[in-house]
Amino acid sequence: MNFWLVLAVNSITFGGLLFLLSAGFSLIFGLMRIPNLTHGSLFMLGAYIGVTFVLGIHGFQLNFWLAAVLATLSVAALGALAERFLLRRMPGDQLAQVLVTLGLSFMAADLCLMIWGGDPISVPTPPELDGFARFGVLVFPAYRLAIIVIAIVFAIGLWLLLDRTRLGAMIRAGVDDPDMARVVGIRVSQLFTIVFALGAGLAAFAGIIGGPILSVYPGLDQDMLPLALVVVILGGTGSLLGSFVGSIIIGFIYNFGQALLPELAYFVLFLPMLLVLLLRPQGLFGRHVP
Amino acid sequence: MTIRFFTLIAAFAALVTVPYWMPGIYYVNVSSQILFYAIFALGLNVLVGYAGLVSLGHAGLFGVTAYATGYMLQLGFGHPAAILIALVISLIAMAIFAALSLRSTGIGFIMITLALGEILWGLAYRWISLTGGDNGLSLKTRPEPFGYSLSDVNTFYYATLVVFLLSLAAMAVFVRSPLGAALMGTRDQPRRMNALGYHVWAIRFYACLFSGLLTAVSAILFVYYTQFISPQTLALTSSAEVLLMVISGGPGTLLGPIVGATLVVAVKTVVSGFIERWNFLLGAIFVAIVILMPEGLVPGTVRLWRLAWRKRAPGTTPVPGGAEAKP
Numbered sequence: 001m002n003f004w005l006v007l008a009v010n011s012i013t014f015g016g017l018l019f020l021l022s023a024g025f026s027l028i029f030g031l032m033r034i035p036n037l038t039h040g041s042l043f044m045l046g047a048y049i050g051v052t053f054v055l056g057i058h059g060f061q062l063n064f065w066l067a068a069v070l071a072t073l074s075v076a077a078l079g080a081l082a083e084r085f086l087l088r089r090m091p092g093d094q095l096a097q098v099l100v101t102l103g104l105s106f107m108a109a110d111l112c113l114m115i116w117g118g119d120p121i122s123v124p125t126p127p128e129l130d131g132f133a134r135f136g137v138l139v140f141p142a143y144r145l146a147i148i149v150i151a152i153v154f155a156i157g158l159w160l161l162l163d164r165t166r167l168g169a170m171i172r173a174g175v176d177d178p179d180m181a182r183v184v185g186i187r188v189s190q191l192f193t194i195v196f197a198l199g200a201g202l203a204a205f206a207g208i209i210g211g212p213i214l215s216v217y218p219g220l221d222q223d224m225l226p227l228a229l230v231v232v233i234l235g236g237t238g239s240l241l242g243s244f245v246g247s248i249i250i251g252f253i254y255n256f257g258q259a260l261l262p263e264l265a266y267f268v269l270f271l272p273m274l275l276v277l278l279l280r281p282q283g284l285f286g287r288h289v290p
Numbered sequence: 001m002t003i004r005f006f007t008l009i010a011a012f013a014a015l016v017t018v019p020y021w022m023p024g025i026y027y028v029n030v031s032s033q034i035l036f037y038a039i040f041a042l043g044l045n046v047l048v049g050y051a052g053l054v055s056l057g058h059a060g061l062f063g064v065t066a067y068a069t070g071y072m073l074q075l076g077f078g079h080p081a082a083i084l085i086a087l088v089i090s091l092i093a094m095a096i097f098a099a100l101s102l103r104s105t106g107i108g109f110i111m112i113t114l115a116l117g118e119i120l121w122g123l124a125y126r127w128i129s130l131t132g133g134d135n136g137l138s139l140k141t142r143p144e145p146f147g148y149s150l151s152d153v154n155t156f157y158y159a160t161l162v163v164f165l166l167s168l169a170a171m172a173v174f175v176r177s178p179l180g181a182a183l184m185g186t187r188d189q190p191r192r193m194n195a196l197g198y199h200v201w202a203i204r205f206y207a208c209l210f211s212g213l214l215t216a217v218s219a220i221l222f223v224y225y226t227q228f229i230s231p232q233t234l235a236l237t238s239s240a241e242v243l244l245m246v247i248s249g250g251p252g253t254l255l256g257p258i259v260g261a262t263l264v265v266a267v268k269t270v271v272s273g274f275i276e277r278w279n280f281l282l283g284a285i286f287v288a289i290v291i292l293m294p295e296g297l298v299p300g301t302v303r304l305w306r307l308a309w310r311k312r313a314p315g316t317t318p319v320p321g322g323a324e325a326k327p
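Protein chains in written order, with our numbering: chain A, 1 to 290; chain B, 1 to 327.
Okay, chain A solo, but in the shape it has when bound (with noise of 0.2 Å):
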């Protein structure tokens, strides 16, 4: 009875990191009409530069939360210039900038294999989550149920940024039709930069605050972006509720694949991935097909 709901408060802990990371993902896509492939790299290096400050160099520590803060900052101003000076060079041209963030990701790979080895870096938690909440008979470790507490603040936190805000509004009409948003003087290249650079900061935020399950590692990039690109084709593109509903899926059938059939915990994925392009190509919740 334990095993089954520890495993389940792992899922949920699993799809919250992985609503963080979508749902920048999906928004990018819904906006730019592009799957940013750096996406898993913006992860890794939110995670590597997080945790680098938690560590401390040269003597320069700092607090795990002041560190994910700085990290979510660095991560979304070089999302912000990889558009701005790279992307935005090629307006309309979706497959070359595809292309670019391939080229870009393998860059990105290659740097952190560079500066911070190819040995696994744990991440401490941090000592005010270190230990276990009870509810009776029920214990579960702290962290994991304060990502499932970020996770659904950052929800709506999302929510409310998209659907109270002026800001919100315009990213909402690039979304449905960017040309009607451009005729109605919205300037949707500036909003290009601005949710790159969202997405971009979410994504380096869940790998930081993922570093203390998931450890951060050379490759850990090549293991989230698929499980974002698999969110987004399930919950639909350019949804926030799709990436959230689409998240958690996900991350109860990764969790109990890895515990009950570890060598096809991959292919499981494959499954929900499979009946949504073939009963609902646009995804759960998505409003058209890509």
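Take these hints with a grain of salt, some might be off.
[To be verified] Have a look at the derived ranges for each label pair, beta carbon to beta carbon:
# : chain 1 : residue 1 : chain 2 : residue 2 : range
1 : A       : LEU167    : B       : TRP201    : 14 to 24 Å
2 : B       : GLY76     : A       : GLY118    : 30 to 40 Å
3 : A       : GLY117    : B       : GLY133    : 20 to 30 Å
4 : B       : ILE96     : A       : ILE57     : 46 to 56 Å
Source of the hints: derived by calculation from the structure; they are not laboratory data. In this text, a Cβ means the ideal position worked out from N, Cα and C, and glycines have one as well.
Keeping the supplied structure of chain A fixed, place chain B upon it in accordance with the hints.
Chain B only, in chain A's frame:
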């Protein structure tokens, strides 16, 4: 036309005599590599260049064939049987791959093929009881068709050359065939083709199968060349390498992928002698080519050449990126 003809004759003569003028066995082996990677690039070019469908999962299919060959040999089948079974398995895999990814075109196609390729990589990596995981599978022997042992470097080169020329001929026939013409029609004007009564989906599906066949053929040569297969072969970087061959050479041209394969294998061979960071360079070349020469090196050089010769002649420059998929 005659210049073109003599160039082709000279290239053919150079290819046939490679073992005689190459400075050593090592370079003959590199030539074999170039040839089978060229077949792979030809196969991907069917989709990228002629169908306007960019696949980022072809290394997964390549791996399926390679693992199937290795696994059949481990089960005790002879070489001809193993190759035949591997080809059948690859075509089935390609059919499934195509049926799923052809739900969509353009960016959606890229995304689905990428996801499928990554899933195949994950399978190779994690399904240890079948694939040996990170340790990979080893092949003990190479086949001996008609009594010629392929363990000999030169014989292997000639076998690869024969398969390469056959693949190139098949490709040339395909491009000039009605199916090839229809495929290019679906690339440029899918809705008009549909209105004209062509079954766009079926044409694309056949193109996928042809692409898968060439991929499988090159994978069999690859697995006999290295006599080893590991999940690394299926990684996204491998898919990207082949895509780079196609794009750098010029998608939608017959000889472009061969130039691209030569270039990529040569650069990779030379560079890996000096530095370990091939992936960084691969990424950098990708970004540079996409930004500076979007139509590929061969058409790009032709364009610059023509530009230099007839500066004022209007209408001689091809439209950059004309071969790409229109959404």
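Checked hints:
no.	hint	verdict
1	LEU167/A with TRP201/B: 14 to 24 Å	41 Å, violated
2	GLY76/B with GLY118/A: 30 to 40 Å	38 Å, holds
3	GLY117/A with GLY133/B: 20 to 30 Å	23 Å, holds
4	ILE96/B with ILE57/A: 46 to 56 Å	49 Å, holds
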